[in-house]
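K.L.:
UniProt numbering puts the sequence shown at residues 1 to 282.
If you are wondering where the hints come from, they were derived from the structure by calculation, not from laboratory data.
Hints should not be assumed to be uniformly reliable.
[Said to hold, decoys possible] List of simulated lysine to any residue pairs, SDA-like, C-alpha gap at most 20 angstroms: (1) Lys66 / Leu114; (2) Lys210 / Gly149; (3) Lys3 / Leu25; (4) Lys66 / Arg118; (5) Lys210 / Arg195; (6) Lys3 / Gly173; (7) Lys66 / His78; (8) Lys22 / Gln45; (9) Lys22 / Asp80; (10) Lys210 / Leu114.
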Amino acid sequence: MKKQKVWLVTGASRGFGKEIVKAALEAGDRVVATVRSNATGLQEQLGNPADLMVVTLDVTREDEVKQGVAAAVAHFGHIDVLVNNAGYGLLGATEEVTDAEARQQFDTNVFGLLNLTRAILPVMRAQQGGHIINISSLFGYGATVPGLGLYGATKYAVEGITEGLAQELAPLGIKVTAVAPGLFSTDFVTADSFRFSATALEAYGATVGKTRGAVAGLHGNQPGDPVKLAAVLIRLAAMEQPPLHLPVGTDAWNMLQAKTAAILEEAKAWEPVIKATDHVQG
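Given only the sequences and the hints, what does the whole structure look like? Please build it.
P.N.:
Structural data, given as C-alpha cells:
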C-alpha cells in the first residue's frame with residue numbers, strides 16, 4: 001500500500017507551486033501550501049480538499065517560517081517532502097540594479113530557501129528521513145542572457161547549497177535534489193513573478209535592452225508544460241535514489257551541455273598556466 005506523504009510547497013499561489021500542489025493531492029498525498037496572502041482563495045480554487053492545508057507566510061521572515069512549519073507539523077504530524085519553490089526573476093544590468101533590488105532578490109531566492117530548510121531539518125532529522133527539492137533554473141547553469149546575471153547568481157547559489165546539503169544530510173537519511181527547469185508556460189514573466197530594475201541605462205540598450213523588449217513576447221510561448229514538470233516531482237519524491245541535479249526541459253538540458261563544454265574548452269586552452277602555479281616537486 002502506498003504511504004501517504006506530506007509535502008510542504010512554498011510559493012504555491014501560482015505557477016510551478018500550484019501545479020505541484022495539485023499533482024501531489026492527485027497522487028493521494030497531503031500538502032501544506034504556503035502563500036503570501038489569500039490563503040482561503042487557494043483553498044477554494046482547489047476545491048477545499050481535506051488533505052490540503054494553506055499557510056500564509058513570507059519566506060524572507062524567519063519567524064513566520066518557523067511558525068508555519070510548526071503549524072504544519074501540528075496539523076499533519078510530519079513532513080516528508082519540502083519543495084523550495086518560492087522566488088521571482090529580476091531583469092537588469094548589474095550596474096542598473098540597486099543594492100535594495102539585489103538584496104531583495106537574494107533574500108527571497110536564496111535566504112528564503114535557507115529559512116525553510118533550517119526550519120524543516122529538525123523535523124526530518126527526528127524522522128530520520130525526508131526529501132528536500134530546491135527549484136533552481138536553467139540560468140543556474142549559465143547566466144548567458146544579458147540582464148539576468150543577478151537572477152542567475154541566485155540560482156547558482158541554489159545549486160551550490162543543494163550540493164553542500166547533500167553531503168551533510170546523506171548520513172541522516174535525508175535526500176536533496178536541485179531541479180532546474182527551463183522556460184515553462186507559467187505566469188513567471190508577469191508582474192507578480194518577474195521584475196525589472198527601476199533604472200534602465202541607455203548604455204545597455206543593445207544588450208539588456210533587447211532582453212527587456214523580448215520578455216513581453218515570451219509570455220505564453222515558453223516550450224515547457226508545467227503540468228509535466230509537476231509530474232516529474234511526484235516521480236522524484238517516490239525514488240529511493242533521486243538525482244542530485246536534474247535539468248527539466250530540452251532547453252535546460254541544452255544549457256547544461258553547452259555551459260559544461262564551454263568551461264572545459266576554455267580551461268583546456270589555459271591548462272599550462274593553470275598547472276604552472278603548483279609547487280615544483282623535487
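K.L.:
Under the constraints set out in the numbered hints, which ones does this structure not fulfil?
P.N.:
Hint 10 contradicted; others consistent.
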